[in-house]
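S.K.: First residue of the sequence shown? That's 0 in numbering that gives the first Met the number 0, and the numbers climb one at a time after it.
Check each hint, because a few of them may be wrong.
To be verified - Per label pair, the in silico range of CB-to-CB distance:
hint	residue 1	residue 2	range
1	Gly175	Ser82	31 to 37 Å
2	Leu72	Gly160	29 to 35 Å
3	Gly117	Lys170	57 to 63 Å
4	Leu189	Gln39	19 to 25 Å
5	Arg63	Arg90	38 to 44 Å
6	Ile69	Gly223	29 to 35 Å
In short, the hints are calculated from the structure, not lab data.
Quick caveat: nothing in here was measured; it's all calculated off a predicted structure.
Glycine included, C-beta positions come from ideal geometry on N, C-alpha and C.
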Amino acid sequence: MTSTVSTERRRYPLLERPSAAIALAVAAGLLNAWTFGHTQTFATVQSGNIVSIGYFVVAGDMGRVGIAAISVLAFFAGACVCSILILWLARSGRAYSLVVLACETVLLMVLAAVATVGAVDPWWIAWSISFLAGMQGNAFHRETGMLYGNVAVTLVVQMAGSLLGRAIGAKIASDGQPHLRPAGGFLLILLGFAAGGAAGCAVDPVWTSGSLVAAAAVLAVLAGVAATRRGPVDPAQNAPTP
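Please put together the full structure from these sequences, using the hints given.
M.R.: So this is what it looks like as structure tokens:
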């Protein structure tokens, strides 16, 4: 059984493996812990911001409309910039995972320093985190070949429930594919989000930038592993899902 799991994991690049997906979810949870604690928003998750725009338009609170819109646009810009970076690196045959992870790590350390000295309004840091979340979500969105979200959990919850249902109902109709292990993988990703949020909530009252530094540390470890990995590292950007 262990051999089968190892073979399955070797089929996929480093940043598509469950351990990497969980680590990215922990980082996202840490980032959201900081933004929720300082601005009462989840900067990596944009569905709430989209709904808020409509809500506050009707309520006549244009200031809140602008705040939510900037977060959405920052996330949009991060995804767009990341796509251009990936294409630019692909043209010269270079891997992109290390570059993206290193950029995230450096920028988060800068944001942590800025937050520590209180140089800017927390909203600017939250919007910067939305930009980084757009980059991370765009670069790394596959777990063992399947699409998932490492900065937003809706798809992960859906996939975990769907796959578990298919595993339970295998005797009703089966497609011959394994479903229980992937469901477990998605549930572990959800636990990663929650664990990151819990850790951030615990550390930020002690050190105002603690969750940002912790997220940077998680991404730095991933970057280090990516830099020393001999096999494939980058997730497939356009491959069909299983």
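S.K.: Let me make sure I understand: some of the numbered hints might not hold for this structure. Which ones are they, in numerical order?
M.R.: The structure conflicts with no hint, since it agrees with every one listed earlier.
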